[in-house]
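Asks: Protein sequences appear in the order of chains A and B.
Note that numbering that gives the first Met the number 0 has the first sequence beginning at 0, numbered continuously upward.
Note that numbering that gives the first Met the number 0 has the second sequence beginning at 0, numbered continuously upward.
Just so you know, these hints were derived from the structure itself, not from any lab.
Hints are supplied without guarantee of correctness; some may be wrong.
Anything over 10 Å on all C-beta distances counts as not near chain B; from chain A, calculated [claimed, not checked]: (1) K18; (2) P40; (3) Y81; (4) R122; (5) L126; (6) S177; (7) A205; (8) A206; (9) I212; (10) L237.
Facing chain B, from chain A, some residues (calculated, C-beta under 10 Å) [stated by the list, open to error]: (11) G145; (12) G146; (13) D201; (14) A207; (15) D217; (16) D222; (17) R230; (18) R235.
Note that beta-carbon positions come from the ideal geometry of N, C-alpha and C, so glycine has one too.
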Amino acid sequence: MSWLVDLTDVSKVFSSGAKTVALDGVTLRIGGGEFTAVMGPSGSGKSTLLNLIAGLDRATSGSIVVDGVDLTRANETQLARYRRSRVGFVFQFFNLLSNLTVMENVLVPAELAGVPGAQARARAKELLKELGMAGLHGSYPSNLSGGQRQRVAIARALINRPALVLADEPTGALDSGSGEQVMALLDDLNQRGQTILLVTHDAKLAAAHGRRIVTLRDGRVEDDARIEPRRSSEPRELVRLGAEEA
Amino acid sequence: MSLRFGILGLIAEEPLHGYQVKQRFEEVLGGTWEVNIGSVYQTLQRLERDGLVATTGDRGDRGRQAYRVTDAGVSALEEWLEDPESQPQLLREEVYMKLLLLGRRSNGSHSNGRLQRLLRRQRHVYLQRLRDLADQEKIAREGGRPQLALLFKGGQLHTEADLKFLDAVVEQMESH
Numbered sequence: 000m001s002w003l004v005d006l007t008d009v010s011k012v013f014s015s016g017a018k019t020v021a022l023d024g025v026t027l028r029i030g031g032g033e034f035t036a037v038m039g040p041s042g043s044g045k046s047t048l049l050n051l052i053a054g055l056d057r058a059t060s061g062s063i064v065v066d067g068v069d070l071t072r073a074n075e076t077q078l079a080r081y082r083r084s085r086v087g088f089v090f091q092f093f094n095l096l097s098n099l100t101v102m103e104n105v106l107v108p109a110e111l112a113g114v115p116g117a118q119a120r121a122r123a124k125e126l127l128k129e130l131g132m133a134g135l136h137g138s139y140p141s142n143l144s145g146g147q148r149q150r151v152a153i154a155r156a157l158i159n160r161p162a163l164v165l166a167d168e169p170t171g172a173l174d175s176g177s178g179e180q181v182m183a184l185l186d187d188l189n190q191r192g193q194t195i196l197l198v199t200h201d202a203k204l205a206a207a208h209g210r211r212i213v214t215l216r217d218g219r220v221e222d223d224a225r226i227e228p229r230r231s232s233e234p235r236e237l238v239r240l241g242a243e244e245a
Numbered sequence: 000m001s002l003r004f005g006i007l008g009l010i011a012e013e014p015l016h017g018y019q020v021k022q023r024f025e026e027v028l029g030g031t032w033e034v035n036i037g038s039v040y041q042t043l044q045r046l047e048r049d050g051l052v053a054t055t056g057d058r059g060d061r062g063r064q065a066y067r068v069t070d071a072g073v074s075a076l077e078e079w080l081e082d083p084e085s086q087p088q089l090l091r092e093e094v095y096m097k098l099l100l101l102g103r104r105s106n107g108s109h110s111n112g113r114l115q116r117l118l119r120r121q122r123h124v125y126l127q128r129l130r131d132l133a134d135q136e137k138i139a140r141e142g143g144r145p146q147l148a149l150l151f152k153g154g155q156l157h158t159e160a161d162l163k164f165l166d167a168v169v170e171q172m173e174s175h
């Protein structure tokens, strides 16, 4: 079986000043179409792992292959091409460009990837419509709510049809209602086949949406659990407000 | 939590007979508490003895007796509703006892492996529980039952704390 994300014995050591081992021999394989959540306390290596898979940083040792691209051997040009076309990013603080409109923000990765303008605009329009942002093409980020900004960021992440969407605490800056809407969008994308890697410190979020939960601790994989959606569960088997003693 | 004030609260809304109390109770709690009919009758008798409810009307065609709230019952209910809950915290997680006993047994490192295995499996149980509770919360919310959704939200927060407790166990193991 070939994996969409294939990390073998990956380590990352930061050696500016004191030597810090951020990742220590991580092996992790993710198949296409999975919704995986990576969990762990701060300092556990989550962000480092995400940056390596995103091609934003390089491993000290080990091998990382994503969508057939060997990130450990790729040169800078290849890495830049990989980031533009194979992965989509959704960040906690949206990272939209404030001087560009909604439409222009969504088009940035397409322009960088050299997608013809008309084709990219058609795709952006379709995505914004799907995400409930159809009337807001000309708005600027500062006029949008947090939830709307994150939807623009999701459209931007999807514009180049990436193999993998990386979502780093995507609800961290949102109120609970907007956060739930954003997660429902990610669920919906996943149900249509999009592979999603969610990074969060929030176990509730990870379990409510991931089908697989990888827990990191001190730079190692502490746990790798499969979660089954079982909507048919008996409420009484989950919560008992007052159990009468048997 | 005793049935006492739950039943009193429902009867304060309208007179009910024993079986209706059971049905109403289970309905408002979304099936999270299955009440024994025997306990309902026993509680009703105690409430009547204490003057908080009284029988009302004739016995129905199946010999069922309805109860209504009394003035004393209303006062007792109002007082209970305003008081914060301040019983000692009920900690009866079996996992704590297991961890404790496994820890006491371990003189060598071999049972440390058992402890780690238990921790891992317990973590999986909690994660699955979080998922199931989140699904139930969603079902309740979509079904227009926000109060019931809150009950499942509360369950998730407790389960999150259970997971953090496992983290604390791991941290303590590592520091020894």
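Asks: Work down the list of hints and note, for each, if the structure agrees.
Replies: Verification of the supplied hints:
1. K18: Given a closest Cβ separation of 20 Å, the condition holds.
2. P40: 7 Å, violated
3. Y81: 32 Å, holds
4. R122: Given that every Cβ of chain B is farther than 10 Å from that of A:R122, nearest at about 31 Å, it holds.
5. L126: 25 Å, holds
6. S177: 15 Å, holds
7. A205: A:A205 is in fact no farther than 10 Å from some Cβ atom of chain B, at 8 Å.
8. A206: Violated, since 4 Å does not exceed 10 Å.
9. I212: 6 Å, violated
10. L237: 5 Å, violated
11. G145: Where the cut-off is 10 Å and the nearest Cβ of chain B is about 21 Å from A:G145, the hint is violated.
12. G146: 17 Å, violated
13. D201: Interface hint status for A:D201: holds (8 Å vs cutoff 10 Å).
14. A207: With a minimum Cβ separation of about 4 Å from chain B (threshold 10 Å), the hint on A:A207 holds.
15. D217: Where the cut-off is 10 Å and the nearest Cβ of chain B is about 8 Å from A:D217, the hint holds.
16. D222: 6 Å, holds
17. R230: Holds - the Cβ of A:R230 comes within 10 Å of chain B, reaching about 5 Å at its closest.
18. R235: 5 Å, holds
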